[in-house]
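Peer 1: Residues per chain, in single letters:
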Amino acid sequence: MNIERLVTMINDISHYFAADLDHAAGAASIADHLKKFWEPGMRKQIVAHLAAGGEGLEPLAKTGVEKLSELDSKSAAVNRQ
Amino acid sequence: MLSIVEIDRGTPGVKSDTLVTLDIDGRSISVPEGTSVMRAASQAGISIPKLCATDMLEAFGSCRLCLVEIEGRKGYPASCTTPVAAGMKVNTQTPKLADIRRGVMELYISDHPLDCLTCPANGHCELQDMAGVVGLREVRYGYDGANHVYAKTKQGETNPHFVAKDESNPYFTFDPSKCIVCSRCVRACDEVQGTFALTIQGRGFESKVAASEDSRFLDSECVSCGACVQACPTATLSEKSLIDRGQAEHSVVTTCAYCGVGCSFRAEMKGEEIVRMVPNKDGHANHGHSCVKGRFAIGYATHPDRINTPMIRQKISDPWRIVSWEEAIAHVAGEFKRLQASYGKFSIGGITSSRCTNEETYLVQKLVRAGFGNNNVDTCARVCHSPTGYGLKATLGESAGTQDFDSVEQTDVVLVIGANPTDAHPVFGSQMKQRLRAGAKLIVIDPRRIDLVRTPHIKADYHLKLKPGTNVAVLDTLAHVIVTEGLVDEAFVASRCELEAFAKWRAFVAQDKYSPEAMETETGVPAALVRGAARLYATGGNAAIYYGLGVTEHSQGSTAVMGIANLAMATGNIGRKGVGVNPLRGQNNVQGSCDMGSFPHEFPGYRHVSDAVVRASFESAWGVHLHDEPGLRIPNMFEAAVDGTFKGLYIEGEDIAQSDPNTQHVTAALEAMECVVVQDLFLNETAKYAHVFLPGCSFLEKDGTFTNAERRISRVRKVMEPKGRYADWEVTQLLANAMGYPMHYSHPSEIMDEIARLTPTFHGVSFDKIEQLGSIQWPCNEQHPDGTPVMHVGEFVRGKGRFMLTEYVPTSEKVNAKHPLILTTGRILSQYNVGAQTRRTANVMWHDEDRLEIHPHDAEERGINEDDWVGVESRAGQTVLRARISERMQPGVVYTTFHFPGSGANVITTENSDWATNCPEYKVTAVQVTRVSQPSEWQKRYQAFSNEQQSLLEQSLDATETR
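Sequence lines, in order, name chains A and B.
Counting along the first sequence from 1, when you hit position 19 you're at 19 in my numbering, and nothing is skipped either side.
Counting along the second sequence from 1, when you hit position 677 you're at 1677 in my numbering, and nothing is skipped either side.
Fair warning: there could be bad hints in the mix.
Said to hold, decoys possible - Derived lysine-lysine pairs resembling DSS-like cross-links, with alpha carbons at most 30 angstroms apart:
hint : chain 1 : residue 1 : chain 2 : residue 2
1    : A       : K35       : B       : K1940
2    : B       : K1940     : B       : K1814
3    : B       : K1345     : A       : K74
4    : B       : K1769     : B       : K1270
5    : B       : K1165     : B       : K1152
6    : A       : K62       : B       : K1393
7    : A       : K35       : B       : K1800
8    : B       : K1577     : B       : K1345
9    : A       : K74       : B       : K1393
10   : A       : K67       : B       : K1467
11   : B       : K1718     : B       : K1281
12   : B       : K1800     : A       : K36
13   : B       : K1015     : B       : K1718
14   : B       : K1281     : B       : K1270
15   : B       : K1089     : B       : K1074
16   : B       : K1270     : A       : K36
17   : B       : K1769     : A       : K36
In case anyone wonders, no lab produced these hints; they're calculated from the structure.
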């Protein structure tokens, strides 16, 4: 999917969770939100985009996607077991 | 004329715990204190003659027909205006009373035409009935004197009292020659509808009913709700359909398929033909009232544009091929299987709609999850109330409004934000106006001066005329005032809410940046107004918030919903009658379609697909393995289609090519797919891009249930056979079977039984139970066997209420030199959403095109006059509309509706969306407006494409006829 659109959407999500002064909690909430509402293909795409430098992602959004990448690899590991 | 089956008890019912016992005609009767003698008699089966009394209206006491004798009282009191008293002895039939009544009737009939046999009310005329009841045998006065009956006098001169029939309204006629000046129409307009369009003009014999200042009905302030027609005891106000077809012979109770109020109607029928729709007095949502859409705008169901045969084609540039159902279903199943085989399991999906019944929506999501094997299912609530689901779930624990409509009767402060109930939810709007006229205070938060701000006998105490896109900022400033001025209901918060989250929130909204003064330039709302409104909301007694799409359709839609829930929790305005958070749902079954699991991430009852226990329950009931990851949302489907990974779509009852934002993006996505299947009544905008058309049914042709904005589940009942052979749920079932996933329901009630088995909040729901109770508000289960009018009593659904932080993040859609105005969109009373239904009715007489409303100042700067063609351009596209200059707008803001496809309102709206749910930001688009002389390039292309599609349709129909 259009990666700029996905980046904008994640930045928008991060703006909401930026209100939480605890940034780690904010990033975790972003990851949780993406995990809950985003179709896996979109998640894969944004994680790959981050791995390629994450152009356009704002700092909190980046941390959120990092967290998502951890969450997704964890559940992938569970599924493999 | 009243319904053919309802009993009219003359005066409204009274609620009182005290019973009063009296004696009427020797019978002992107990009724609630405050009941009229007339109603008490009626409840005992004793009919007292009456003309000006009807139980939808307060007693008036003008016709002098309902006089009775009461022991110990002088004279002959009117039974409608006399309340019962303990020990009262009433006689309703005495020789003296008979004399008086006959005398009264004689006077009435001396000024009434004697054309009973050819009169549309014949057989159901209250005047005729009363003449019979009182035994009128002669009219001694003759008919030669002054009268309102004849156009000419005996001498051939023009009769100054005569007024010709007014047939201007498309749905009913007004024939003053038959009027008995009982004032029932005038009072219905005042008391029930609250428009005050009718009046009694003149005095004595000169008295007559007039619309506005003696205008034709169509030119008057009349909103054509029909309350007057229903109230009229004679044929003075009659439905044109009744005049054309004659009296109905049976009546079926069903639920309106227009807005989220979900009015109950009696479809009055002659065989399979509808004579008229009469709002059901026992209807729990509407109590016998209706609007112009529900009562009158049903002609679309039998419109010649209906397509009643399946059609297929290879390419959208091909003519359609009319085929059998068998061929069409086999074709779709074959195509979908082919697509899944070549592009993968996730390459297809389905879209259901808020227009579908619960049972249909449930089946569509079941087909997608179990039959397609993925979770690519979404519903049009995506583009309207998805933020409500998200925001209320996060804060209160359930994705639904907290109250019933009747709760407003105990509200002291009504706060309306981003909603326009008198246009979009007219019947509830009327109920709200009744409460406001009775003294409740009103706060309106809206960029426009909606009608509610100033309407007869109602004036908003506060109108916060904010700039579009600043809802969250205004909600935060209201919260700021509540927190910093000590207006929090500390006891409520301490016992009912999560304290840590509350403390965080309190500190958050107390920040100086959220003071009304600091936010004034951002929101455009004077700080003093915000402070006043906040104080009123927090301290004015029972305060209830009503909101609509003006809250949800923003980049911060979900944040605003949470801000609303925060306000209600902070002030303790939740969990009892008269208060609460009330989302006004746009379409008839927005609530239901969401409840039924039509969002890609959740099963019925708002349970996430990743929840292993829930998933296991569905897997065991459905006998298949289910996917545990969320599917594509509607806008994601478009993106994926343009990418080439999403290839097939089954759309039931939804017109994405007109209703979704950034039309050119949507149509590009549709063109990129290989098999688009549209199930609908008409060749709608989306169907013009479809490869398969399956005929859908109107709500009159099928059984099922709708769930309205109050979580009220009501029955939709079939009054005629499906025009295309199958009801919509049967089509989905055929498709599932052809795809290799078996479904064998024989009636929608079996589908509801399955929903009830699998969904805890629906455990107690069944068609039988709805039959018994009339309607049910979910949750309905072991804990709430009769349903739940008010939620969160004593405890929130999630346990403790959770305050959520609501940082104001200005939208990226900003005005600049190129696009200096903000466009916001909305609805109008006479039309409904994409207009597919209402455009095919006489409602176009009130609104036959979408206009651009613009403030006189902005218009003057651009040299724009009323009716000029103006180009509206955003970064997404351009369209051309005619201008309407209006001071309802604030300078800098323009407005339009989107009821006509050719208007292209959504060519202008952008892909911006709510951060949490991707609900489009329909309410804020930066635009420039200029005077132009011709349609936009998009409109020219649209017209050419549309004409071509229409001609392809006609070619196919012709081909069949000549076959």
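Peer 1: Holds or violated: are the alpha carbons of K1089 (chain B) and K1074 (chain B) at most 30 angstroms from each other?
Peer 2: holds, 13 angstroms
Peer 1: Does the structure keep K1345 (chain B) and K74 (chain A) at a Cα separation of 30 angstroms or less?
Peer 2: holds, 24 angstroms
Peer 1: So if I understand the rule, the pair passes when the alpha-carbon distance is 30 angstroms or less; does K35 (chain A) with K1800 (chain B) pass?
Peer 2: Distance of about 25 angstroms is within 30 angstroms: holds.
Peer 1: Next pair to validate is K67 (chain A) with K1467 (chain B); report whether the Cα-Cα distance is within 30 angstroms.
Peer 2: Distance ~37 angstroms between K67 (chain A) and K1467 (chain B) Cα, so the pair is violated.
Peer 1: Is K1800 (chain B) within 30 angstroms of K36 (chain A), Cα to Cα?
Peer 2: Holds. K1800 (chain B) to K36 (chain A) sits at ~22 angstroms (cutoff 30 angstroms).
Peer 1: Measure nothing beyond the straight line between the CA atoms of K1769 (chain B) and K36 (chain A); if it is 30 angstroms or shorter, mark the hint as holding.
Peer 2: Outside the cut-off at roughly 35 angstroms; violated.
Peer 1: Is the straight-line distance between the alpha-carbon of K35 (chain A) and that of K1940 (chain B) 30 angstroms or less?
Peer 2: violated, 43 angstroms
Peer 1: Between the alpha carbons of K1718 (chain B) and K1281 (chain B), is the straight-line distance 30 angstroms or under?
Peer 2: Given that 30 angstroms is the threshold and the Cα spacing comes to 20 angstroms, the pair holds.
Peer 1: Do the alpha carbons of K1577 (chain B) and K1345 (chain B) lie within 30 angstroms of each other, as the hint requires?
Peer 2: Roughly 48 angstroms separates the two Cα atoms, so the pair is violated.
Peer 1: Please work out if K1769 (chain B) and K1270 (chain B) have their alpha carbons no farther apart than 30 angstroms.
Peer 2: Judged against 30 angstroms, a Cα distance of about 28 angstroms means the pair holds.
Peer 1: Check the hint pairing K1015 (chain B) with K1718 (chain B) against an upper bound of 30 angstroms on the C-alpha distance.
Peer 2: violated, 34 angstroms
Peer 1: Within a Cα-Cα threshold of 30 angstroms, do K1165 (chain B) and K1152 (chain B) meet the stated pairing?
Peer 2: holds, 15 angstroms
Hints 1, 8, 10, 13, 16, 17, counting from the list given before, are not met by this structure.
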